[in-house]
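Asker: What follows is each chain in one-letter form.
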Amino acid sequence: MRQQAALPTLLALLALAFLASLAFGELRLGMGQVLSALAGVGDELSRTVVRDFRLPRALVGMAAGAALAASGVVMQAFFRNPLASPGLLGVSSGGALGAVVVLALGPALGWAATTLWALPLASFLGAFGATSAVLFLAQRGAGAERLLLSGIALNALLGAGTSFLLTTTVGHFEVNAQMLFWLMGGLESRSWEHVWMGAPAILLGCLLLLPLGRAMNLLSLGEQSAQSLGVDVRRLRWQLILLSTVLTALATAVGGIIGFVGLVVPHMLRLAFGPDHRRLLPYAMLGGAAFLLACDLITRAFPLGLRLGVVTSLVGGPFFLWLLRRPR
Amino acid sequence: MTTALSAAGLGVPGRLEAVSITLGPGELVAVVGPNGAGKSTLLQALAGLLPAEGGICWNGQPLSEISITERGRRLAWVDQEAHFEFAFPVREVVAQGRYAWGDNLDGVAEALAELDLTHLAERPATRLSGGERHRVGLARALATQAPIQLWDEPVAQLDVRHALEVLRLARQLTTRGATLVVSLHDLRAAYRFDRVLVLDRGRLVGNGKPHEVLTADLIRQVFRVEATFVESLVPELPSE
Amino acid sequence: MFRSSALRLLALLLSALPLLAGPPQRVVSQAVGTDELLLALADPGQIAALSHISHDGRFSPVAAEAKRFPAIQDSDAESVLRYRPDLVLAASFTRPETLALLRRAGVRLVVLEHYETLEEVYASLLTLGRELGHLDRAEALVAQCRQRVKDLAQRLQGVRPLRVVSAGVYPLTSGGGTTFQDLCEHAGALNTAAEAGLKGLAPTPSESLLTWRIEMLIAAEDRDIRTRLAQIPHYRVLPAFRAGRLVLLPGPLLSSVSHHRIEAYELLARALHPERFQ
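Top line first, the protein sequences correspond to chains A, B and C.
For the first sequence, position 59 (counting from the first letter as 1) is numbered 87 according to the numbering used here, and the numbering increases by one without interruption.
For the second sequence, position 80 (counting from the first letter as 1) is numbered 63 according to the numbering used here, and the numbering increases by one without interruption.
For the third sequence, position 188 (counting from the first letter as 1) is numbered 212 according to the numbering used here, and the numbering increases by one without interruption.
Note that these hints are calculated values from the structure, not bench results.
All of these numbers come straight from a predicted model, not from anything done at the bench.
Some clues are possibly wrong.
Computed far set for chain B versus chain A, every beta-carbon distance over 12 Å [stated by the list, open to error]: (1) 31; (2) 57; (3) 66; (4) 79; (5) 83; (6) 103; (7) 107; (8) 133; (9) 147; (10) 155.
Output of the computed footprint for chain B on chain A, the stretches with three or more beta carbons under 8 Å from beta carbons of chain B [to be verified]: (11) 38 to 47; (12) 68 to 82.
We put the beta carbon where it would ideally sit given N, CA and C, even for glycine.
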């Protein structure tokens, strides 16, 4: 009964958040104006605002939210720990360092740094480099504990690099501000280029993830048991790490560092609809997309004041604390 | 007679030394030995879950030639630790035993009933006692309907009634042709098995019928206790 | 025209220190804004060191001239005191810890407090001129500045102000009460951000920018600035930007808190109203 309500509820929430993302912004536009602008008719101003500003922003938000939540589900199954998050293996801090390096070295990189693609690409490469380094450092077998410890060490190292670049560029305030804004995540000024950079690959990653739900169920209750029951655990672990890294790296590349989505959304949904990954994965993708759009709507009321990463943490932090205090 | 499970020179560096055994279908086999003797390692190695030296054959076929899915159909292994981090209902955990068979859920209800879990079927596995969790692990193994079953200390955490039921179930499975390898600490129970394997510091020091293997000498040598044989205290366990 | 707080501070400093025999001979400027004032008024022999970014053309409009003098290594108090200064110039945006440490070291300190309008800059020039023993030089410079501003105003007499906005990769724009507002007022421009009610540095709006009827964008010269602005959706769709209506000014002039900003007035006025400069 509950299960049957889940999909329609989440779809409705997502549709609502999506429409709200198109309807609310700096300029007051009526729902009629928004819809006709979407259809390509109506006055030029609302067409530009809806189609060039709000639509790409909403699409990037949906893609990033779905990616982060799905990635969270994967990491939690992988580490058999409901408190695991997408950033555990250095993806986020690697992405952060990559982006900050491009911003800091901007002048030295010349033309390459001026394209719209430079920052997301650098962030993506940083994210991938970091996770590869964690896997390499943890070395053979790559037991969960070693992976975690390598992740912690590398996160600290990369964080130090990011902080160093932040302070050394403090005199050049334009660069410095861009770094700060990026490190706190945000969907403002997203364009169709960002949609094309993130959304199709995220969609593909999500589609590849969906058939792994049943095997993830087994893995989440023990590696050796899963192996004995006929799961190719080695292969599954690689698939999961790869997909989770790609998804988080893409979300980070187009939206900056956005915390807690990968923790809060899977948790809420697991509490509501149970831990079965065959359902949890699609629910988390829909729920993550809706959650991020809702958080983005809050940031619109405080331009530059409340960054997206700040809002998700403001919502996620108290939730996390409640989770820790809850009797298990 | 065909062999169900055989190992030649099976070794795991530092934990198990060159174990060679051949087990037939329908055999109920006990693995005993002090803590750290290598009982769990032997079971994991036989299940193909550890990188190990030497050769393993299931039904006469080298393990390396058996696909991972086929392995899930032929052999079930039960961990001595049963921890569930996620709140799957008991029924779903047991149904995982059918993974290698696609979506076919044959035998799940029977497995729940055999382990006295039917009334707990919808309860989240995180909210079970240690013994109940063990029974869930056994039920999952049962649901695989695999002809080779390796159970690592299945009764250590069970109350007397459930422990006896599990041992009776083990015997019952062998009468249907299954091969069971069960590690135990209870030597009196082991005495009722068809065959006993005794491990000491990673080496196989006894392999044969219980009364031939479990002698006072060997028990003194391996377990460093003096044993006196009296009439068994587990008369309900059928000895074939 | 003195600012009362600056006066009070000076009085405090003067009472706390033994009277010096003559004008200071080892002046250190701690901020880039005070570099510009010091270079304009002091004898070369009076300058001990300039700010740590004084040699960087991205920040200082007088970087070339500044390179004749040493630059302090960092903006902290120790870097300043290394030069054993008999007068230190700092600005209200200097870190408060640094100011406190300099005060504690007992060194004579002049803090530039106000610089949003030209009159405030003139007052600072006169204060500093008096400190350096070159009041005459300061007075002459102020008079010269007043004349340049007056000439510019005459040229722009009756011109229709163009509707402008300060654009940048930095997601903030300048509203009322900023040096950019001051620049617009002197160069025949109307700061649409101030008109829309924005004050100080404010987040650049995206959607409402389209409704401000902007005729010209003004940005600091930077590498590939056009390309980089074109990546920001709200500039990309702006008709004025698409028509290439973008004035680029040297960054240090745009943010100058000294009399050098008059050069920015003239450059902008020339770009916005070329017909008045034929």
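Asker: State the violated hints by number, sorted upward, taking the hints as numbered earlier in the document.
Answerer: 1, 2, 3, 4, 5, 7, 8, 11 and 12
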